[in-house]
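Please build the complex by placing chain L on the supplied structure of chain G, with the hints as guidance.
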Amino acid sequence: MSVRALLGRLASALVTLVLISIVSFAVIQLPPGDVISNWVTQQEIVAGSNLPPATYEMLRERYGFGESLPVQYLKWVGGFFRGDFGFSVIYDGAPVAEIVGRRIGMTFLLVILSLIVAWGIAIPLGIYAATHKNRFSDYLLSNIALFGLSIPDFLMAVVYLFVAVFLLDTNYVGGLFSSAYENAPWSLERLVDFLKHLAVPLFILSIGGMAGTFRIMRANLLDLLDQQFVETARAKGLAERAVIYRHAARIAINPLISRLGMQLPVLLNGTIIISIVLDLPTLGPPFYRALIAQDMYLAGTVLMILAVTLLVGNLIADLLLAWSDPRVREG
Amino acid sequence: MSDRRTSVPGVPEPAPGSALPAVSGAARGSTLEPTVEASVSEADAYRLLTVRQLMWRKFLSNRLAVLSAFVLIALYSMTAFAGFVAPYDPQDGVSRLSYAPPTPLRFRTEEGDFTLRPFVYGLKSERSTKTFMLEFVEDTSVRHPVYFLEHGEPYRLLGIFPATLRLFGTRDPDARVSLMGNDQRGRDLFSRIVYGGQVSLSVGLVGVAIMVLLGSVIGTLSGYFGGWFDSLVQRAIETLRVFPEIPLWMALSAAIPPTWSPEWVYAGIVVLLALLGWTGLAREVRGLTLSLKRRDFVLAAEASGASTARIVRRHLIPTMTSHIIVTATLAVPVTIIGESALSFLGIGVRPPMMSWGLLLSDAFKVQVIALYPWMLFPALFILVTVLAFNFFGDGLRDMADPFS
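In the order they appear, the protein sequences are chains G and L.
Numbering of the first sequence is given in the working numbering, commencing with residue 29 and proceeding in unit increments.
Numbering of the second sequence is given in the working numbering, commencing with residue 21 and proceeding in unit increments.
So that you can see chain G by itself, here it is in the shape it has in the complex:
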């Protein structure tokens, strides 16, 4: 990718960024009433206290309630540059940036790990199926993949909850830590506990990606194995292993990288919904709670951050493709 193309791509991403913030702002504005009034009402119900009028006025001024929508939008966006994304009602007025900051790391960790698991399992299986085309194992794998592609993540999570309750631990109520390690500092035991809890959600999350990756890998490799350069490699007397792994499979991976941009949203979707069902410490549960309680700054900000993540993910996928495919780089 030439520098020029890269700059063009960045400029386009910048425009999309603005559009994303507008859509997120619209989501914040959709429910009736404004966030501050909701918060004030909630404070009155829960704490029985009234907000000092000065604070109330300050918040109104800060977020521009009562002013026109464009002004409100600009005030909201302006806050980003100071790290201010608004405040959350359900977390007692804590800044949204803080709540999101605490959970965003785990969200990305889950997405990236599930991508690694999905690719790590699906690529070898795809190669195997393509080199054993029309055999029973190929047929079986292909149908299992279609099956895996069909199972909605949240159903898998519910079923897992069912299995976990019956087989593993009758006290399991979700989360990524046993109650003993919930608030403990990191240690070897805590890490082991964490990995034990992580394994199954990670597996559930990877199934969709695995199935998709497998299908693409198999189809790509089948196409490539019919091409002349493969024939040439064989004619040179290369071992079949070298032909497949060093020549064909190496190229068959490229479309997977360019599909990364389509795979990330699927994984992010899965992470969010599985986290809600299993109560994992990612952005899912606060997002869900915020929506139910109409805590719109939190909900809108999470939505925006997820979208921005995907935007950045797409850019990275483009760069990776340029790195792995010389045709993209030069042309």
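Just so you know, these hints were derived from the structure itself, not from any lab.
Treat the numbers as computed from the prediction; the structure is a model and nothing was measured.
Idealized CB from N, CA, C, for every residue including glycine.
One or more hints might be untrue.
Take a look, some chain L residues computed to stay more than 12 Å from chain G by CB distance [as the list claims (entries may be wrong)]:
no.	residue
1	72
2	75
3	173
Quick partial rundown of chain L residues pointing at chain G, CB under 7 Å, derived from the structure [as the list claims (entries may be wrong)]:
no.	residue
4	258
5	259
6	262
7	263
8	264
9	270
10	274
11	357
12	361
13	389
14	406
15	407
16	410
Quick list of simulated restraints, FRET-style, between CB atoms [as the list claims (entries may be wrong)]:
no.	chain 1	residue 1	chain 2	residue 2	range
17	L	229	G	269	46 to 52 Å
18	G	269	L	295	46 to 52 Å
19	G	54	L	69	51 to 57 Å
20	G	352	L	366	41 to 47 Å
21	L	342	G	231	33 to 39 Å
22	G	132	L	251	29 to 35 Å
23	G	98	L	295	20 to 26 Å
24	G	317	L	176	36 to 42 Å
25	G	110	L	295	31 to 37 Å
26	L	251	G	348	22 to 28 Å
Just chain L now, with coordinates in the frame of chain G:
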């Protein structure tokens, strides 16, 4: 080495599960193979088939797709004739039967005699001597035969015609047949699933119908005209697609005012799913239009003075129909999952309306899953429907390209 043999180009090999030999492969291989005569005459025989016949053969050769088609027909007719299939009214709860387990259909009496007509035993609750909890015990003193095509409680067939005929049921209203158990309020889960399917399954069809309309019209226009309209549409699609779909569905669905009636909420959710889902189809149709509009038949139509509307309607859309149908079929399960997920999380359709996702949300508590596992039955229905649509769509995709 068999690995090598299967991947050598030019050797004809049937596609998996296909009865058709690959015609193009046979033609290519014929110069090398000793069986020139056989492959040529075989190719000739197949050339006599019309495209439509070829497509049919292609579809029928995919057994999973055919099976899925039957499953879908069965599911949709079950929900269309919900009143007939469901033995009880879905809202009619018997508090005595709160969380009563599924009643087994029995064919063998206590004395060990076999009866062709299945029967059930009534349930009575007894306090367990061990746990002191109320437990359901079958009252084996009276057998309640299950009769088919019996007149039962009145209902409205297709929501219009008053009817009383039911597919099955017992004659004693106190001994109920609950194939899939009862929920907290003692309502028959099977009846609720049958009625819930009306929402779950129709969301897919109605939502996708709107999607097809939006996607094909916008996609064709954007591909055919290009220019500013195209850039605008592409930008809108790009923005919509950069949002992960489930969180965006959730955010918009949560914004549906709580004051709306259940019917309006249902309509709102269908429209919402459609408005966020048309982008994939629009992209595909745009790509197809771009490649089609340079083809001779479109240029010929243009040269002979056909209007744009006519070209789009008579030439572009019919050529793309098979692609649109395949994409639309594969969009149905996505929409069904969307509605199920939203209802499951409590931000979809609202009671008294039922959908499979909403029914499943009753099971979304660890204690419920542990004690009353039959509450997970709606999950099975969602799964089977989604699988059937995916396998069916896969079959249609092969069918749309009968020459491969």
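- [ ] Mind listing which of the numbered hints don't hold for this structure, in increasing order?
- [x] none
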